[in-house]
Amino acid sequence: MLKAKQYKSGVKPIWCPGCGHYSVLNAITKAFAALEQSPEQAVLVSGIGCSSRLPAYLNSYGFHGVHGRALPLATGLKVARPDLNVIALGGDGDGFSIGGNHFLHACRRNVDLVYVVMDNEVYGMTKGQASPTTPEHWQHSKLTPHGPEVRPFQPCALALAAGAGFIARGHSGDPNGLAQMLFAAVKHPGFAFVQVLSQCVTFCPEQVQWKEQVHAESVGTDNPAEAAHFLHSDDGFAKGIFYCNPRTPWPLPHDSQATDLREGFRL
Amino acid sequence: MNTALYEDELLFLAHSVTLEQEAAERLYELADTLEVHNNRPLHALFLELAQLSERHASDVLAHCQGRQLPALQAWEYSWPDAESPESFQYSQVHYLMSAEQALQVALEVEQNTLGFYSDVARRTTQPSLRQLAEGFAREEAEHVKAVQARLQALQCPALNNLDLDPPHSPE
Amino acid sequence: MRNLTIAMTGSGGTGVVALGEMLLRAAAGAGYYGILRKTFGPQIRGGESAAVVRLGPRPLASFCGEIDLLLVLDWSHFQRFADEIPLSASTLIIEDVAAGARPQQLASELLAREQGVQVLDFSGLAQAQGSAHSNIALLGYVAAWLGCDGEPLQSAIDHRLHKQGAEVVALAHSVARAGAELLQQAPINLQPPDAGAAAESPWLATGNQLAGLGALEAGIRFVAAYPITPASDALEWMAGRIESLGGRLVQAEDELAAVNMAIGAGFGGVPAMTATSGPGLALMSEAMGLAVASETPLLVLDVMRGGPSTGIPTKSEQSDFNLAVYGLHGDAPHVVVAALSLADCHYSVAWATQLASERQTLVLVLSDQFLGQSMQVLPPLPSLPFHAELSRASLPPPAGADYFRYLDTDSGISPMALPGQPGGEYTADGLEHSQSAVPSARAQDHEQQLAKRQRKLQSLAASTQWGEVSALPQARILILCWGSLFPVALEAQQRLQERGTPVTVVGVRLLAPLPLESLLRSMQDMAQVLLVEQNHQAQFAHYLQSQLTQAQRAGLPELTCYSRPGPRLFTPQEIMQQVEGLPRA
Numbered sequence: 001m002l003k004a005k006q007y008k009s010g011v012k013p014i015w016c017p018g019c020g021h022y023s024v025l026n027a028i029t030k031a032f033a034a035l036e037q038s039p040e041q042a043v044l045v046s047g048i049g050c051s052s053r054l055p056a057y058l059n060s061y062g063f064h065g066v067h068g069r070a071l072p073l074a075t076g077l078k079v080a081r082p083d084l085n086v087i088a089l090g091g092d093g094d095g096f097s098i099g100g101n102h103f104l105h106a107c108r109r110n111v112d113l114v115y116v117v118m119d120n121e122v123y124g125m126t127k128g129q130a131s132p133t134t135p136e137h138w139q140h141s142k143l144t145p146h147g148p149e150v151r152p153f154q155p156c157a158l159a160l161a162a163g164a165g166f167i168a169r170g171h172s173g174d175p176n177g178l179a180q181m182l183f184a185a186v187k188h189p190g191f192a193f194v195q196v197l198s199q200c201v202t203f204c205p206e207q208v209q210w211k212e213q214v215h216a217e218s219v220g221t222d223n224p225a226e227a228a229h230f231l232h233s234d235d236g237f238a239k240g241i242f243y244c245n246p247r248t249p250w251p252l253p254h255d256s257q258a259t260d261l262r263e264g265f266r267l
Numbered sequence: 001m002n003t004a005l006y007e008d009e010l011l012f013l014a015h016s017v018t019l020e021q022e023a024a025e026r027l028y029e030l031a032d033t034l035e036v037h038n039n040r041p042l043h044a045l046f047l048e049l050a051q052l053s054e055r056h057a058s059d060v061l062a063h064c065q066g067r068q069l070p071a072l073q074a075w076e077y078s079w080p081d082a083e084s085p086e087s088f089q090y091s092q093v094h095y096l097m098s099a100e101q102a103l104q105v106a107l108e109v110e111q112n113t114l115g116f117y118s119d120v121a122r123r124t125t126q127p128s129l130r131q132l133a134e135g136f137a138r139e140e141a142e143h144v145k146a147v148q149a150r151l152q153a154l155q156c157p158a159l160n161n162l163d164l165d166p167p168h169s170p171e
Numbered sequence: 001m002r003n004l005t006i007a008m009t010g011s012g013g014t015g016v017v018a019l020g021e022m023l024l025r026a027a028a029g030a031g032y033y034g035i036l037r038k039t040f041g042p043q044i045r046g047g048e049s050a051a052v053v054r055l056g057p058r059p060l061a062s063f064c065g066e067i068d069l070l071l072v073l074d075w076s077h078f079q080r081f082a083d084e085i086p087l088s089a090s091t092l093i094i095e096d097v098a099a100g101a102r103p104q105q106l107a108s109e110l111l112a113r114e115q116g117v118q119v120l121d122f123s124g125l126a127q128a129q130g131s132a133h134s135n136i137a138l139l140g141y142v143a144a145w146l147g148c149d150g151e152p153l154q155s156a157i158d159h160r161l162h163k164q165g166a167e168v169v170a171l172a173h174s175v176a177r178a179g180a181e182l183l184q185q186a187p188i189n190l191q192p193p194d195a196g197a198a199a200e201s202p203w204l205a206t207g208n209q210l211a212g213l214g215a216l217e218a219g220i221r222f223v224a225a226y227p228i229t230p231a232s233d234a235l236e237w238m239a240g241r242i243e244s245l246g247g248r249l250v251q252a253e254d255e256l257a258a259v260n261m262a263i264g265a266g267f268g269g270v271p272a273m274t275a276t277s278g279p280g281l282a283l284m285s286e287a288m289g290l291a292v293a294s295e296t297p298l299l300v301l302d303v304m305r306g307g308p309s310t311g312i313p314t315k316s317e318q319s320d321f322n323l324a325v326y327g328l329h330g331d332a333p334h335v336v337v338a339a340l341s342l343a344d345c346h347y348s349v350a351w352a353t354q355l356a357s358e359r360q361t362l363v364l365v366l367s368d369q370f371l372g373q374s375m376q377v378l379p380p381l382p383s384l385p386f387h388a389e390l391s392r393a394s395l396p397p398p399a400g401a402d403y404f405r406y407l408d409t410d411s412g413i414s415p416m417a418l419p420g421q422p423g424g425e426y427t428a429d430g431l432e433h434s435q436s437a438v439p440s441a442r443a444q445d446h447e448q449q450l451a452k453r454q455r456k457l458q459s460l461a462a463s464t465q466w467g468e469v470s471a472l473p474q475a476r477i478l479i480l481c482w483g484s485l486f487p488v489a490l491e492a493q494q495r496l497q498e499r500g501t502p503v504t505v506v507g508v509r510l511l512a513p514l515p516l517e518s519l520l521r522s523m524q525d526m527a528q529v530l531l532v533e534q535n536h537q538a539q540f541a542h543y544l545q546s547q548l549t550q551a552q553r554a555g556l557p558e559l560t561c562y563s564r565p566g567p568r569l570f571t572p573q574e575i576m577q578q579v580e581g582l583p584r585a
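Line by line, the protein sequences are chains L, Y and V.
Letter by letter, the first sequence follows residues 1 to 267 in the numbering used here.
Letter by letter, the second sequence follows residues 1 to 171 in the numbering used here.
Letter by letter, the third sequence follows residues 1 to 585 in the numbering used here.
These aren't lab readings, by the way, just hints derived from the structure by calculation.
The model shown is predicted, which means the values in this text are computed figures rather than measured ones.
Check the hints yourself; a few may be wrong.
[Said to hold, decoys possible] Derived lysine to aspartate or glutamate pairs resembling EDC-like cross-links, with alpha carbons at most 16 Å apart:
| # | chain 1 | residue 1 | chain 2 | residue 2 |
| --- | --- | --- | --- | --- |
| 1 | L | K187 | L | D83 |
| 2 | L | K8 | L | E40 |
| 3 | L | K127 | Y | D165 |
| 4 | V | K38 | V | E109 |
| 5 | L | K5 | Y | E54 |
| 6 | L | K211 | Y | E171 |
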């Protein structure tokens, strides 16, 4: 049995001091310790962005792929190697903007994956541009000096509409609660989506206040209508497992007889 | 908070060990990150604080010799807050933070820890647990004093550390 | 050794494609070899369509320019195929009474023909039996002429229609019989092709199917698919079979997902591929670079169609060459292989599957609509020695604590640990990295990794699979081609020899890294080299020139390039014309 810190690789993170992602990293290691996860049986798959650097900081296998494609990479791996514990992760720009289509289809496809989005409502690696979750009037990016002027979308509500069977939101200020959430997400059969409010101290220092705004909610329904009602009246700072409705993960097992590949060609 | 903590010596010890160990781990992590961000004085300071913290952890562990502590998952501890009292919030740190700011953070966590131990000592009905918690609180009060002394010894005027370098874009 | 080409046109459910397929199958049952190509309008159903079947006593891998017999069920929109079905004065035309008005441009020409146009009542024959299938009546008629209207025709009809139920099959049999009987009263004024010595249990297959066979036989166990013409049928063929081998096919949400899924599976140690066509390949380029940088085995089959953009989706062209060879950003050495014939789709894909796994990189296979969707009667294909698993097993296991995923070895190939192996844990990365897989922006690491990734492909250029050479001893002219033009060039070679002009033909299978030494050797004693390819910009020709040093260029015979785009099929006649037009040395 390994202790949480034994899941770290020793590679020193490049994240800014004060970044929320350190907490997420620690929450993952704590969840792994609780799961008694063998490091070699876990694979962390990411795209591009600050949070997507995370796989290298763990001593499991990892794949740091291209921007926005963590989910398909993870899907291919999990379908090909169902024996592995595959966790896809990344940021809000990676997952909801460039990778938005994959997010919808991963929710719908329900492969047995965990998808952790470290949401800081900003593109950090490219100097602080607005992302799909940035508030409408946030005017701190030179790229959108008037603010994005479009409403941020709601990842959890979107996940529900797209068919995800496990939807949760955690906060980097509560790594122990997040670890518990991740533990449940890994145990959940099928696709599990965990949005983590994880502050960016460099580009959105105001997010330090999130600690005061976050409130725990015990919703935990398996009724999509209830979950939808909750998520559409949510202020974005509720924390907890909102929806949990397991269904058989894809791919489904089929009976298939051994076939002679060449038979069909013979006249 | 789970009141079992006030009555169960083993549970209290399990909390104390984790509290000290996590404090050390986080300080090492912070030392690393300040090294990566080339704040050398603070790297050294946090490394020192981490080593100190690690010694506290082994002191607490010494009290547990030969005793089987309950194995708790990360979320099964009863902390007054979301995290153990020695785990300062990540958002309190900055790559250009000064020694004074760092020591203020350290002071705050030592005070929180002192509060945690004192609280247990005050609330418990178990004499042996009270004795143990009071002992830990006394130790912790020493740590608080030590950090305060260092703060006073700094004696350097507060410098203007306005960040003149804009963030850059690595990817 | 007479071959013969029969074209069939129709529209709106006249069933010419079914007719073509059943005719080829019936002919194969009677000992003919042959090849069938189909051509469609853009409609999903009811559009104008045509099938062309070429039959003869020996395996046929190409089409020639002539149409000997044109069977017309419907003249509507015939003009749209006029380029692809060139009629000559000697083309015999048989049309159904219900074929409608002949195209105006053709009408006067047709009337002036010595052969004339034979009008027969296939619709009436079918209707008399209670069937609307004039194509089946026509099938019986032509099958009788070919001498395959007995058991071979029956089994061809059964094969095509058995899912429709016994009644439909029985009706088709009787309509076909009626068609066959018509031949007594209305003989076809044309000698049928020579029948072959019946092939020993021949195969009937499309290039797309054979590509799928090559992939699965060589160990592909994960396929990610996004539908695109003309690659979808390769994916569909595998979908029906891969699970019986313990593998899986996933239909992805887009090509970006498809290629990344395949990379994910490849990282997991499961040989993986995707198949697409030009537009999809363009979308996949970024992730193909990831496979190169992260050294993950990846096979991508590109069944080329007319481009750019949506282009001509249903027709063949060799115009993705540049994208396949140059399309990746950064210095991204990878392998590009071109299938040299329908049967070679099997060989090339199987070889490529092994290469991807053995070299831990991207291997692109170029096929095209002609190879992918044409159907050929061919001798059974041999089992091949290529296997992805075998090559993986040859890699040393990770060496515990000192494991370096991207170790700078002599061969350039580093031991690849698979998830699940303790001690091999690493994070694969598209970021430049050090030997130990840690992201690095250092010049030294970058140069080392670039060189290593290049080095691991170098030895490939010397592999015996680089291409096919059909040499004639006295030849002073070399026809150089790649991909699907190879069988066409071979037929040109044969016809030129009959006319007393011996030429040598080289088909290049390995496009990147370019097997330059082998190519130079084959050009050595030639007076002329004619390079042929099916694209507008002579893409391969420019690539070849760019690889030659000035000294090499000086020592070479004159190089003439003949390249033109699709959708017109390349014909042997066209190549012969080019050879005959070469300046005499």
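Taking the numbered hints from earlier one at a time, note which ones the structure violates and give those numbers from smallest to largest. When the structure is compared with the hints, numbers 4, 6 turn out to be violated.
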